[in-house]
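Novice: Taken in sequence, the protein lines are chains B and C. The first sequence begins at 1 in the numbering used here and counts up one residue at a time. The second sequence begins at 1 in the numbering used here and counts up one residue at a time.
A portion of the hints provided could be inaccurate.
[What the hints assert, rightly or not] Pairwise CB distance ranges, derived in the manner of DEER restraints:
hint, chain 1, residue 1, chain 2, residue 2, range
1, C, Tyr-39, B, Gln-17, 31 to 41 Å
2, C, Lys-57, B, Pro-98, 23 to 33 Å
3, C, Lys-65, B, Gln-17, 42 to 52 Å
4, B, Thr-76, C, Pro-18, 41 to 51 Å
[What the hints assert, rightly or not] Chain C is nowhere near these chain B residues, computed Cβ spacing over 12 Å in every case:
hint, residue
5, Lys-14
6, Gln-17
7, Val-19
8, Gln-41
9, Phe-74
10, Gln-84
[As the list claims (entries may be wrong)] Stretch by stretch, here's where chain C covers chain B in the computed footprint (C-beta under 8 Å, at least three residues):
hint, stretch
11, 20–27
12, 109–119
It should be emphasised that the hints constitute simulated quantities derived from the structure, not laboratory data. Glycine is no exception: its CB is placed at the ideal position from the N, C-alpha and C atoms.
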Amino acid sequence: DTGVSQDPRHKITKRGQNVTFRCDPISEHNRLYWYRQTLGQGPEFLTYFQNEAQLEKSRLLSDRFSAERPKGSFSTLEIQRTEQGDSAMYLCASSLWPRSGLTSSTDTQYFGPGTRLTVL
Amino acid sequence: AQRVTQPEKLLSVFKGAPVELKCNYSYSGSPELFWYVQYSRQRLQLLLRHISRESIKGFTADLNKGETSFHLKKPFAQEEDSAMYYCALSRDYGGATNKLIFGTGTLLAVQP
Chain B
1 DTGVSQDPRH
11 KITKRGQNVT
21 FRCDPISEHN
31 RLYWYRQTLG
41 QGPEFLTYFQ
51 NEAQLEKSRL
61 LSDRFSAERP
71 KGSFSTLEIQ
81 RTEQGDSAMY
91 LCASSLWPRS
101 GLTSSTDTQY
111 FGPGTRLTVL
Chain C
1 AQRVTQPEKL
11 LSVFKGAPVE
21 LKCNYSYSGS
31 PELFWYVQYS
41 RQRLQLLLRH
51 ISRESIKGFT
61 ADLNKGETSF
71 HLKKPFAQEE
81 DSAMYYCALS
91 RDYGGATNKL
101 IFGTGTLLAV
111 QP
């Protein structure tokens, strides 16, 4: 399977614990996005990277959240001191931004299966 | 503020009936609009984007800037069209985009 993969697929934790999720993008994709989806809502943007640079963070990304993409390949999203309100599906997506900067129709975001977090 | 509104949580139609999933947006700049679909137990996937002007699986969507709408249409629904449909918006960077702003989704149920 050459699509976006996420690990773990499910995570149950107790309030106050730290959790870390991993996302492996499609291999040649240089952009990586994190979204969060709660029940009955569409995905909400959290942050995105171009290569290893984190270019934008949503206000949803509180100080307890941190995302990294150290080598411009896989990314991790860590939540410290989890709260019940953090329970959600965390989605990762990747895309290819043309390196030359020319316009292109290739910047389509491909989503992973998500990591479902339950905070007890 | 940038916002996408999908007024219907559920749309139920019979097989062979026309389908229209509504999407309205609020955006001050030049937007790019998308429809994403999620079939049962599958990941979110792009159905179509307005810039491509394609028909995918018989679905079409026209961007109406005057009405700030991007409704998804199909003349004859099939049972395999049953899925959750999300309308999404992004800023148009000359063909490339970054973050997507999603609506709350509409569940399309096609009855036999």
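Novice: Output the numbers, in ascending order, of every earlier hint that fails for this structure.
Specialist: 8 and 11
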